[in-house]
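Number of protein chains: 2
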Amino acid sequence: MTVTYTTKRTASDLGPRRLHADNINPNVKEAKYAVRGELAVKAEEYRVRLAKGDKSLPFDSVIFANIGNPQQLDQKPITFFRQVLSLLENPALLEKPEALRSSFGYNQDALDRAKKLLADIQSVGAYSHSQGAPLIRESVAKFIEERDGFSANPQDLYLCAGASSGVSTLLNVICHAPHAGVLVPIPQYPLYTATLSLLNAQCVPYYLEEERAWGTDVEAIRQSLARAKAEGTDVRAIVVINPGNPTGASLSPEDIKSVLDIAAAEKLVVIADEVYQTNVFVGEFTSFKKRLRQLQQEVPGKYDHVELASLHSVSKGMVGECGHRGGYFELVGFDPLVAAQIYKFVSIMLCPPVIGQCLVELMVNPPKKGEPSYELYEKEYNGIRDGLHKRALALYEAFKQMEGVECQEPQGAMYLFPSITMPPKAIEAAAAEGRQPDEFYCLRLLDATGVCVVPGSGFGQKENTLHFRTTFLAPGTDWVERIVKFHAEFMAKYQ
Amino acid sequence: MTVTYTTKRTASDLGPRRLHADNINPNVKEAKYAVRGELAVKAEEYRVRLAKGDKSLPFDSVIFANIGNPQQLDQKPITFFRQVLSLLENPALLEKPEALRSSFGYNQDALDRAKKLLADIQSVGAYSHSQGAPLIRESVAKFIEERDGFSANPQDLYLCAGASSGVSTLLNVICHAPHAGVLVPIPQYPLYTATLSLLNAQCVPYYLEEERAWGTDVEAIRQSLARAKAEGTDVRAIVVINPGNPTGASLSPEDIKSVLDIAAAEKLVVIADEVYQTNVFVGEFTSFKKRLRQLQQEVPGKYDHVELASLHSVSKGMVGECGHRGGYFELVGFDPLVAAQIYKFVSIMLCPPVIGQCLVELMVNPPKKGEPSYELYEKEYNGIRDGLHKRALALYEAFKQMEGVECQEPQGAMYLFPSITMPPKAIEAAAAEGRQPDEFYCLRLLDATGVCVVPGSGFGQKENTLHFRTTFLAPGTDWVERIVKFHAEFMAKYQ
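Chains as they are written, first to last, in our numbering: chain X, 2 to 496; chain R, 2 to 496.
In short, the hints are calculated from the structure, not lab data. Check before you lean on any hint, since a few could be wrong.
For identical chains, the list gives no copy identity; a pair is met inside one copy or between any two copies.
[Claimed, not checked] Keeping only pairs whose Cα atoms sit at most 30 angstroms apart, straight-line, the calculated DSBU-like set for lysine-lysine is: (1) Lys-116 x Lys-303; (2) Lys-117 x Lys-77; (3) Lys-53 x Lys-116; (4) Lys-369 x Lys-97; (5) Lys-370 x Lys-426; (6) Lys-53 x Lys-143; (7) Lys-116 x Lys-30; (8) Lys-345 x Lys-43; (9) Lys-391 x Lys-56; (10) Lys-369 x Lys-43.
These numbers come from a predicted model, not from an experiment.
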C-alpha cells in the first residue's frame, strides 16, 4: 500500500506529522559525526553498485579508509579468541574434546578457558552484572596491575559496549548543565563533540601542535581553560586521546605529567581514551593510571584527589574486533557516591554484550608462554602489528611525495592525518558547492578512486588548515597509488 | 598504595574531588531503575556468600525472579541458533563439514546459514552498517511482512543493542525540551521513566485498569493528556507495552485501535514495545503496525499521518538471549529528515553488536518445515513455551491461595504482578525504616527466602495499592512454596 503525504510546508503548518526536522531534539540535530556521514554513505552506495555488477564507475573497488574497521579489510581475527568464543556460543562442542582437537585444532587451553568463563557467566545469552561479569573484571584488574605495576580493583571497572559507550556514560554523569564544559583536543575523534552536543554541554577545544608531531601543548590547554572560565563555562574534565585519533601521536610520560598537573591544579576529571594503547610504533605506551600512581608516590598529597577514568577496547590494537562491541573503563579516585550513580546509569541498559565481555577477557588474558595456543597467538599478533607498521610507513612515504601534502611520521593508532594545501581555485570550487575545501577534496577523491577518507573538518583543525584522515588498514599499495594519481590530477586541474 | 581522603564536608567545601553526588548531572541522579537496584544488589551479595560456602543464611539458593533473564535460570538456548553463532565466531569450523555433522550434529542448514550471513557481514568482528547489516534487515522485513500481511522496508529498520537501546534512541530524538512529554502506562517497565529522567523530559502517566486484567483505558489516557496539556506539557508520544511489562496483559485489536485513534487525533507518535510478542497465552498477538495498516485501508485518510515505532528483541520470547543484546525497531510514517537524524544518532555509537544482529536474523528466520534442523527447533521452542505457561499457572494458583494477595490471570509476557494488602502494622514498620511498604515486603522476602522480586513502586502503581513483580522463569516449585510460607509468617507477624 502506498501512503502519500503533502510536502508543502509553511511556517505555521509543518506538515501532518508530529515530528519533523525542525521540532525534534535540537541537541541531536546539532551533533555531528563525519566518520559515518555523507562520504561513508556514498562509499557504501558505490560498494553496492559494484557488487551488483555496475561497470560505469571509474574504479573497481571501494576502499573504506574512513574508519578503523580492521576486519572489514585485511585483518584476520586471532584464532585462539575465536575458538573460545565458538565454544561459548555452543558449549555442546565441549562434550567432544577429542574431535575438537583432531578435526579443528583446538588446544586444551581454549577448552579450559571456555569452561572457566561459562562457570562465571552461565550463558552468553544471560544478562550479566551491569558492570560486567565478576570474573572478567578480575582478569582486567590483573592486566592493569601487570601493565602498570600498581593495583587495580575489579569494583572500579565497568565493562561497556565498546569504549564509545563508556565515553557516553562518563560524559552523561559529568555534564550537569548547559555551562558544563569538557576540554577536548582538536583534532579529535568526533564521538566527543557529538556526545557533548547531545548533552547540550560545552566542548572546550584545545589545539594539538601539528609541528611537534601533534603533541599536547600545555600552554594551549591553559589558555583554552582560562578563556572558557572567563566566559562562564564550568570546565569539569579534560579528554586526552593517547595514542591520538585522528593524529596517531603517542604521548611521552612528560606530556602525561603536564596534563595531570593541570588536572590536579584545576580540579579536572581526566578522561584518558587509551584504546590504541597497543598500536604504538615509536617509544612505549605509558598509561595515565600508571603515571598518576607514580606521581602520587613521588609527590605525596599533590595528586591524591585527581579523578581519572581510562578506557580500553577490543576494537583496536591487534584484536580489531569492533563488531563485538567490547571495552571497559576504570575509575580512579572517584567518589563512591558518584560511582554508584554511574552503576545506576549503566544498569538502565542492563549490561554490555556478554560475548563482547568475554572478548575483553581474552584480550587482557591471552595465551601465555608455554601454553599450547601461545605460539600461534604470538605469530598472529606480531604479524598484524608488523603489517600495520609497514603499511603506515608506505602510506607516509607516498604522502611525502605528494605536492602540497605534509604528514607527521607515524607514531601509533591506525591513522595518518596529513595536511593539504589546496590551490585557491579549488577552494573557490568548493565554496561554489557550499562545501568545506577538505570535504570537497575528499568527495572528489571518492568519486574518482573509490577511496573513502574523512575530511579534517570532521575532527576539527586550526583555521586555514586542511587535512584528511586515512586509516592504514587496507591491504596492498594499489589504493595508495590511486590517491597519488588523483592528487596530481586534482592539483593540475585547479592550478 | 593507599590514598586517603578527608570525609568531612561542609556546604561550601564538598571535598577535594571535582565530582560528588551533589554536583553531577541531576538528571542521572533523578533516574530510578529498581529492576537492578538495592534488592538486586543484595540478592547478588547473597548469591556470592552462598557460592563461597556461607551457611549462615536461612536459604540455600537465591532465586532471581526480579528480572526476565531466562538463561540465568532454567532456559536452554535454541540449538540451531547457537550452532550458527559458533560457526560465525569461528568460520574455520566450516572447512570440515563432515566432522561438524558426525561429531557435533550440525545440519547442513546451519552451515548454509552461517555462510550466507558471513557473505553479508564479512566478519562478526567488523563494524556493520549503523542501521544493521543489510541482509539481516531484509530478513526482518520479510518476517514483519509475513507476520502482518503488510509490506515492510529494510530502510525503515534499525537494528539495536536490545530494545532498551532502541527506546533510548527514540526518546532522545523525540524529547526536545523540558516540557516535552511522553505518555507512559503505569505500571510500566522503568526503562521509560528512567530514560525520560535522563532527558529531563516529562513522563505523563496513564493508569492501566487492574480490574480489567490490566487493560488499556482510553478514558484514562484522554484525562492524563488533557491534564498534561493544561499544565503546558507538549505531549508528543505514547508508549504502549504489549504484551505488558510488568502486568503481562495482552491487548485486543480493539484496544490497539483505541490507542491509534487517540494517536491520530492528537498527533502522538506511538512507541509500541512488542518485545513479548511471542509470549502470549490468551488470544493472539496483533502488532500495532498491522492494526495501523488495516485502519489505513479501512478509513482512508484518517490514519495516514500516524508515526509508529515498534520494537522487538532477542531477549524475550522463546529465544531468551538477553546477554547478546539484539533487537530492532521499525519506523512507520516518519519524516525522512527525522529518520536521517535517527541514523546519525545511532551512527555515533557505530553499530549494534554484530553477533546480536545475527541472532535477530535467526529469530525472525528460524528453520522451516522440511529443513533438517526444523524438528529439533520446533521441539525446543514448544518445550520452552509450554514450560513458561505451566509455571505461570502454577504461580498464579499459589497467589490465589495467599491471604491479601490478588492476581490477574496470566495472559502473556514473563511476569505476574499481584497486588498485596498489607496489615497497618507492617506499613508502620516500613515507614519506621523510611521505606515504601512494598519495598519493605520484598526486602523481608529476600532476607527470609532468597527469592528476589521487585516492588510495585519500582514500576508505578495507583495510590494506596501495593504490588510486586515476579517472573515465572525459575524452575521447580520450591521457590513458590518459599514465598507462600514467608507470606503467611509475614501476615501473622504484623497482624
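Lys-53 and Lys-143: within-copy, between-copy, both or neither at 30 angstroms Cα:
Answer is between: at 21 angstroms across copies they meet the 30 angstroms cutoff, but 49 angstroms inside does not.
One pair to classify: Lys-117 and Lys-77, alpha carbons no more than 30 angstroms apart. Within, between, both, or neither?
Result: close both inside a copy and across copies, 25 angstroms intra and 19 angstroms inter.
State whether the alpha carbon distance between Lys-345 and Lys-43 is at most 30 angstroms within one copy, between copies, both, or neither.
Result: close only across copies, 14 angstroms inter versus 39 angstroms intra.
From the Cα coordinates, with 30 angstroms as the cut-off, is the pair Lys-116 and Lys-303 best called within, between, both, or neither?
Neither: 46 angstroms inside a chain and 58 angstroms across chains, both beyond 30 angstroms.
Pop the pair Lys-369 and Lys-43 into one bin, within, between, both or neither, using alpha-carbon distances up to 30 angstroms.
Classified as neither: same-chain Cα gap 44 angstroms, cross-chain 37 angstroms, threshold 30 angstroms.
Is the C-alpha distance from Lys-53 to Lys-116 at most 30 angstroms within one copy, between copies, in both cases, or in neither?
between (44 angstroms within a copy, 19 angstroms between copies)
How do Lys-370 and Lys-426 come out at 30 angstroms by Cα distance, when the copy is not named: within, between, both, or neither?
Intra 59 angstroms, inter 65 angstroms, cutoff 30 angstroms: neither.
Please sort Lys-391 with Lys-56 into within, between, both or neither, judging by C-alpha distance up to 30 angstroms.
neither (33 angstroms within a copy, 60 angstroms between copies)
At most 30 angstroms between alpha carbons: which applies to Lys-116 and Lys-30, within, between, both or neither?
For Lys-116 and Lys-30, neither the intra-copy (47 angstroms) nor the inter-copy (39 angstroms) Cα distance is at most 30 angstroms.
State whether the alpha carbon distance between Lys-369 and Lys-97 is at most 30 angstroms within one copy, between copies, both, or neither.
Result: close both inside a copy and across copies, 25 angstroms intra and 28 angstroms inter.
Checked against the numbered hints above, the structure breaks hints 1, 5, 7, 9 and 10 and satisfies the rest.
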